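Asker: Protein chains in written order, with numbering that gives the first Met the number 0: chain A, 0 to 121; chain B, 0 to 888.
Simulated from the structure, these hints should not be mistaken for lab results. One thing to keep in mind: the hints can contain errors.
[Claimed, not checked] Stretch-level coverage of chain A by chain B, calculated; a stretch enters the list once three of its residues show a Cβ under 8 Å from a Cβ in chain B:
no., stretch
1, 9-17
2, 62-76
[Stated by the list, open to error] Derived contacts from chain B toward chain A, CB cut-off under 10 Å, selection only:
no., residue
3, Ser671
4, His672
5, Ser680
6, Gly692
[As the list claims (entries may be wrong)] Computed far set for chain A versus chain B, every beta-carbon distance over 10 Å:
no., residue
7, Ile20
8, Ser36
9, Arg42
10, Met54
11, Ala83
12, Arg84
13, Gln86
14, Asp91
All figures in this text were calculated on a predicted structure; none of them were measured in a lab. C-beta atoms are modelled at their ideal positions from N, C-alpha and C, and glycine is treated no differently.
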Amino acid sequence: MAKRVLVIEDEPNITEAISFILSRDGWTVHTHADGASAADRVRRAPPDLVILDIMLPGRSGLDILRDLRASPETAAVPVMMLTARGQSRDRDLALSLGADRFMTKPFSNAEVLENVRTLVAG
Amino acid sequence: MITFNLLVFFALLYVAFLFTVAFLAERRAARGRTAWLRSPLIYTLSLSIYCTAWTFYGAVGYAARSGLEYLTIYLGPSLVMFGWWGILRKLVRVGRAQRITSIADLISSRFGKSTGLGVLVTLIAIAAATPYIALQLQSIALSFAVFTGAEGEEGGFWATAFWSAVGLTLFTVLFGTRNLDVNERHHGVVMAIAVEAVVKLAALLAVGLFVVWGIGGGVQATLARIDASPIAHWDQSAGRWLGLTFLAGAAFLCLPRMFQVLVVENAEERHLATASWAFPLYVMLMSLFVVPIAVMGLERLPGTNPDLFVLTLPLAENREGIALLAFLGGFSSATSMVIVATIALATMVSNHIVVPIWLRSRSPGAQMSGDVRAVVLIARRLSIGGVLALGYVYFRFSGGGAALAAIGLISFVGAAQVLPALLGGLFWRGATRAGAATGLIVGASLWAWCLFLPSLGGVIPAGVMADGPFGLVWLRPEALFGIAGLDPLLHAILWSLLLNAGTFVTVSLCTFPTPMERLQGAQFVNVFQHSSAARALHAGAAQAEDLLIMAQRIVGAAEAQDFFQAAAVAQGKHGYLPDVTPDFIAALERELAGSVGAATAHAMMAQLTQGATVSVEDLIAVADEAAQIMEYSARLEAKSAEQERTARALREANDKLTRLGVQKDSFLSQISHELRTPMTSIRAFSEILREGGAEPDAVRRYAGIIEEETQRLTRLLDDLLDLSVLENGQGKLDMREGSLQRVIDRAVAAAGGRPGDPLVIQRREAAEAVPVFTDLDRLAQVFINLIANARKYCDAEQPVLQVRVRRRGSGAIEIDFADNGSGIAPEDQNLIFEKFSRAGDQSRAGGAGLGLAICREIMDRLGGSIAYLPGQGGAAFRVVLPARAARAA
């Protein structure tokens, strides 16, 4: 059965690009654009991987990450963070909050695939 | 023979002429051209409302009945004017410094902004003015009757008076209550009155010249005739001369209508200097021919009403032209008095009775939800009708029989009751509210008992007049305390004013003034030392925005906004919201007092500042200091105020810097985000396309996305470049002539929403039809930004954006964009024009936060401004184009 990836990102073009890359590689991709309801969405049906943007409407990606790690049913779900702000402070903060990977936009498609494969294969 | 209808036609023609004069004057004033309207000459002429129909017709009758005594009526005011430096100058200064609207307002304001005193003075003024208004109606009706030879017809007589009252009500409502002028000034009415002053003087002089040279056979013959007449041999009583001169002077100061023209309509203090000789000159000319006319009337028309000699003499000689002029002169005298008196009284009734009751009837917690202006205007219009109706009722009730002069004097004594409180208030810090109130009540009661009620024949039974009420002989209306044999008028003046002043002083000495009374007392008595320093309410919980909302409802949006902006600038702040300092509250209260009176303004402010009153600190500040300490502390105060201002400016700058520092960090990550986001899509889809294998449809779509994101990047870079060009003052402006409406059309089209976008844009095309000379493209860019912002941020369920265009008096054009959303939080209002700042919820924003910064730079370059306009309900921005950008249509 195909592994499931949830992409939480508010820019529709970026969501579409990631979906295309991962679908072509055989993953089942779900998308979600709103920050406020994102943690609930993950909790209801925990995927095999969450790709999470930091700047989201309603609730920051870092807060969502904290929620996920604090809740037992989602604490173990691998999370890969995305950011366009490119400040090292964000990276440190994300990793200390329990993110598994951190990618700065723009990224290459190969980079995305490699990271996803590493995180879920384990 | 001039028929009744022809006479009505002439009267209406004259009224139409006055309408035109008043209308033109108002229009000039609205355009800001007031220099000519506000000359010392117009001021002096407007004072001539002192000369009413009583003077015009009655003076001749007075001379025929009592000889030269009529001169006292002119002597009193002339003395007051000659001595203007003493009392009038102070009265005018206080009136302006405290923004006093009426004599009732002055007394109320002086004695601690007391509502009760305001009501008391208003009631006395109405009671005193009623006979006087009746007198004017009577004189109009009489003159009509004489002219048309219809003296016997009762019905026609009353009907003339009735329709005159209706007509005067309409005129006064139209020009006296057009707007709640900031300072209660009425340019149109004053101008009309000045014209009437000229007409009545010309008319009386014409009749006089006709009598002396036309009938009398020259100066010598007339003088000989006067020597032979009974007038030359009339016994003059020194007591009556003194008493009447004093009474006329007192009335001149205290009559509500005189206060209106002397103080309220006064544009500049130095006009008093001109009026001090010009007004006595005017009344001298008015009185020049009184005796010749009276003598000739007694000789040629014995047994007829001497009050009407001015009309009957020319008529008897078949000189209808002169008679018609005399008729118009009398008509002028009557109408000008009634118009100003009703305006003054209506202001008092609405400010001191109606609005306080209306305020009190509302639950204390409720804020100003209704439109105060509408309430005040309606109250004023109804009051005008009410005052004239009272005058008409008195006229019917008193039978209209008494001599004109007698009725006028009754009014004078009533009005003069305010004199002790007025003078005491201006010159004696020890005067108290209780003293003023008891003095007024005692004086007014005595006046009513000794003079007013007896004048209404039959109200006081003959038995009471002869033996006193309940057999109490010492209470006989015309012989109080057993002092009989005195002239009834002199008797009433003596007792009412003596006991009034006596009680006022005694009670003042026995009572202790409240802190508020002391504050006001110091400001009135020492008005020349400190015309500005005033302390009153403390900031309390009042927020600048709440105060602005209230002020807009009272003095009007534009005036309130200008006032707040000026206050903010004086404090070294931008925008429309100054800090709510005690100074600011005091200034605002005075501003409001100009529209609704001191007591009401104070009550309104107290409601918003949560009932804060004067503190012990304020009390100490105004307690009796020695002059030296006063001066010293004044200097200290000025210094510390200066320091406070500097400190506030520094604090503000520091706050801004701190916030900007935070903003700069967040900008860097913001700009990074704005650049990287489109680049991410471009890179990802380029790689996908290069790898190949996608469906042809998908390939087209992905290429489209790449194109779209590239455009987004370009836009961002354009904005950044645009801003930096504007900031460095580079780049040429393309100044062109164009239509503001076209620019707004373009902006609305360019900022058009996607189909289904709910934002409704409301415009008033008529107001937009203004030619402008500016950089039309840049102006459109500003408008596009504002419309796009409303589209993005207005969070109302049915979002509406109103575009309002208004031309200011200075010629500048204001364009307001106001939506109905939840607006911008006060702490963000000063920040939104900074680069890369975005108020509130950042994630809703679509741009990089450069739009308003660019708008501000553009408006700076165009010589105008853009600012956030608080207190409009939603988010509102005001764009101002400078006067030279507005081309006269």
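Asker: Determine for every hint whether it applies to the structure shown.
Answerer: Hint check:
For the stretch 9-17 of chain A, the stated coverage by chain B is satisfied: 7 residues place a CB nearer than 8 Å to a CB of that chain, which reaches the threshold of 3. For the stretch 62-76 of chain A, the stated coverage by chain B is not satisfied: 0 residues place a CB nearer than 8 Å to a CB of that chain, which falls below the threshold of 3. Here the hint on Ser671/B is kept, as its CB sits about 5 Å from the closest CB of chain A, short of 10 Å. Among the interface hints, the one on His672/B holds; its C-beta lies about 4 Å from the nearest C-beta in chain A, closer than the 10 Å criterion.
Taking 10 Å as the C-beta contact cut-off toward chain A, the hint placing Ser680/B at the interface holds, the least distance being around 4 Å. Below 10 Å, beta-carbon pairs count as interface contacts, and Gly692/B has one with chain A at about 8 Å; its hint therefore holds. Not every Cβ of chain B is farther than 10 Å from the Cβ of Ile20/A; the closest lies at roughly 7 Å, contradicting the non-interface assignment. Distance check for Ser36/A against chain B: the nearest CB is about 14 Å away, which clears 10 Å, and the non-interface claim stands.
Under the 10 Å C-beta cut-off, the non-interface status given to Arg42/A relative to chain B holds; the minimum distance is some 22 Å. Distance to chain B contradicts Met54/A as a non-interface residue, since its nearest Cβ pair spans about 6 Å, not more than 10 Å. Not every CB of chain B is more than 10 Å from the CB of Ala83/A (nearest about 4 Å), against its label as outside the interface. At roughly 4 Å from the closest C-beta of chain B, the C-beta of Arg84/A falls inside 10 Å, breaking its exclusion from the interface.
The beta carbon of Gln86/A is not kept farther than 10 Å from every beta carbon of chain B, the shortest such distance being approximately 6 Å. With a least beta-carbon separation of about 14 Å from chain B, Asp91/A lies farther than 10 Å from that chain, consistent with its non-interface assignment.
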